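Asker: Protein chains in written order, with my numbering: chain A, 1 to 365; chain B, 1001 to 1365.
A few of these clues could be false.
Said to hold, decoys possible - Distance ranges between label pairs, derived from CB positions: (1) K69(A) with D1051(B): 25 to 31 angstroms; (2) S181(A) with S1338(B): 53 to 59 angstroms; (3) K346(A) with P1048(B): 51 to 57 angstroms; (4) D284(A) with G1065(B): 43 to 49 angstroms; (5) Q180(A) with G1065(B): 28 to 34 angstroms; (6) E125(A) with S1181(B): 36 to 42 angstroms; (7) G121(A) with S1212(B): 37 to 43 angstroms; (8) M1015(B) with E321(A): 21 to 27 angstroms; (9) I1021(B) with E321(A): 32 to 38 angstroms; (10) P322(A) with P1048(B): 28 to 34 angstroms.
Everything labelled a hint here was simulated from the structure, so no lab data went into it. Just so we're clear, the structure is a prediction, and the values are computed from it rather than from any experiment. Where a beta carbon is used, it is the ideal one built from N, C-alpha and C, also for glycine.
Protein chains: 2
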Amino acid sequence: MTKGEGPSQKPSWQMTCPISIKDYPKITLAHGAGGSLTGQLIEKMFLPMFDNPALALQHDGAVLGFGNKRLALTTDSYVVQPLFFPGGNIGSLAVYGTVNDLAMCGARPLYLSAGFILEEGLAMETLWQVIQAMKEAAFQANVQLVTGDTKVVEHGKGDGIFINTSGVGILEHELLIAPQSVRSGDVILLSGDIGRHGMAIMAVREGLTFESAIESDLAPLAEVVLKLLDARVKIHCLRDLTRGGLANALNEIAKTAGLGIHIREESVPVRQDVRAACEILGLDPFYVANEGRFIAFVRPDHAQRALQVMKSYGHNAGQSEPQDLGARVIGVVNAGSSGIVTLQNKIGTRRILDRIAGEQLPRIC
Amino acid sequence: MTKGEGPSQKPSWQMTCPISIKDYPKITLAHGAGGSLTGQLIEKMFLPMFDNPALALQHDGAVLGFGNKRLALTTDSYVVQPLFFPGGNIGSLAVYGTVNDLAMCGARPLYLSAGFILEEGLAMETLWQVIQAMKEAAFQANVQLVTGDTKVVEHGKGDGIFINTSGVGILEHELLIAPQSVRSGDVILLSGDIGRHGMAIMAVREGLTFESAIESDLAPLAEVVLKLLDARVKIHCLRDLTRGGLANALNEIAKTAGLGIHIREESVPVRQDVRAACEILGLDPFYVANEGRFIAFVRPDHAQRALQVMKSYGHNAGQSEPQDLGARVIGVVNAGSSGIVTLQNKIGTRRILDRIAGEQLPRIC
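With the hints as extra help, turn the sequences into a complete structure.
Answerer: Here it is as structure tokens:
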């Protein structure tokens, strides 16, 4: 039956699935972990299917024309377990995570939507705590939550609370902030120490105890990005270090830009308690998720100015006073090894920092 | 600990939950069914918490300033079971459902986001079929899917596929299309026969068989709304008849507008097979969900022009040729009985058409 011939909507399902059903008959946790299997879904299924210029940029959100302005649109679903963790909860995460994706597009976050999928039997008090955290986070990030939706699924068909937030922001500059704008020679800056969000979650899940709990780095990133733009820093690309951590972010950008990236390992700050927790669990902090850290690719002659701004406007979760979270220059872009990220250690040895294949840490965000 | 005193983000959770924990200790399926318990969540918890003018309109989406234009932003999560039903599937539903909410704001739909929550073990082929249906629906509705997100949860923590879509549209007129614009004397038009989507789903779930399957009325509503605007019809309010059906939509608008609504029962078209299925299952078609039907509140002297447009630009799912789906004038707004919807039957008897309390049909969208 072709279009218009009958009442039933039947898309052309004869097309063969672009992912081998023989090799991957079913969705696995790794398909949602932000590594190469997530990449396969995006590159083989989603991008060719919904082919358009905004999606093709493969950035944290889409930058779109609207009247004579540009807007950014982004979406994320949050399925973190446990719902409450040191430094935040699924509500504050759902607000800051989407605000940060708008910031990574170079947009000023304006409006959020919220879609809740609740599991039958969820304690009303839990929902109330999550809602209050969302309000507080929206206040901190200076965004308005303007529309929403609530669905309830039967007990055993969900997991307490899932939240989707989508965000709209406005671009108030002329830059194209995306992997495609990265150039050989660009300097790469990191906004602070890495690995805290993932290890805060894992420490709770695994029952690890330290002198004091590892708190998530969860925080809004829009202010520091807007300050970089105010300072007229020529930003080529921004990326927050969520699923797959620093390693994944660098690999994605190197691949999309078709350039090489070189990082000095010792310049990447990792807190001692985070490093200890990673060692206990056999994890590499370069691959652990963060929710308040980002990398910036800037023109070399703007790197020092950018670093000053990043040192001056960092935020920890729940702290309204800006501070230096350990912002550093961590590496450079080169034209040599297209799509490859190399890591140089203290004694000068270089190794390739690969993209992770499977799920290191499921349900971290 | 107050803001700024420590690293932990602790909102003021001392506030008492505005919904009685004693009466409603847990979330039930009825909280997601679009009836009075959903209304309680919205009115007692969400609206006061995220208080802002856009949210206060209580419409299908938010209308927001952006530069010198107005945009509409809307979000919906789709949790329908079964994933595939006569006339559509969760993919086409996720596109048309959100397109329709933008249309109900009087907006031209432009951009969609898609957030997937997949259950571990989902067949790759199923995902592929859903993705293809989304592409086909986006083409039919003339929107671009520009950004997305995929999460995977463990087997038993989800239910195959949940999809959130958020939509952005542009307003190309000066009207405020919202319940607050409804006036006494407004004529109420209905775009076609009611109850098909809900009964298409229920017939599959309950194993009911008819001579031919009841197909969902799922279809995009943007074209007919844009044609109404082109024809300069003074539209006061639009509402699609999803969860809770016609009865719920009328009650929500009557309540928000603070006016009475009077409907002639015999003017509301219900197909014979839908009526039969409703009788078997003990359901009232006035409360059954639709996914391609809407009501329009218009100035009385514009009603005939509006009816002509609605008869000329109706769509059934999968049919590209517009047709008359049975558009009718079904009632009027009056100043008498604030917030009350009355139904008059063939012999002139009047009764109140209440809002439904619990879940008539869970997971219908």
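Asker: All hints, please: hold or fail.
Answerer: Results for each hint:
1. K69(A) with D1051(B): 25 to 31 angstroms: Holds: the Cβ-Cβ distance is about 27 angstroms, inside 25 to 31 angstroms.
2. S181(A) with S1338(B): 53 to 59 angstroms: holds, 57 angstroms
3. K346(A) with P1048(B): 51 to 57 angstroms: holds, 56 angstroms
4. D284(A) with G1065(B): 43 to 49 angstroms: holds, 46 angstroms
5. Q180(A) with G1065(B): 28 to 34 angstroms: holds, 31 angstroms
6. E125(A) with S1181(B): 36 to 42 angstroms: holds, 38 angstroms
7. G121(A) with S1212(B): 37 to 43 angstroms: holds, 39 angstroms
8. M1015(B) with E321(A): 21 to 27 angstroms: holds, 25 angstroms
9. I1021(B) with E321(A): 32 to 38 angstroms: At 36 angstroms between Cβs, range holds.
10. P322(A) with P1048(B): 28 to 34 angstroms: Between P322(A) and P1048(B), where Cβ atoms are some 31 angstroms apart, the hint holds.
Going through the hint list in order, the structure satisfies each hint without exception.
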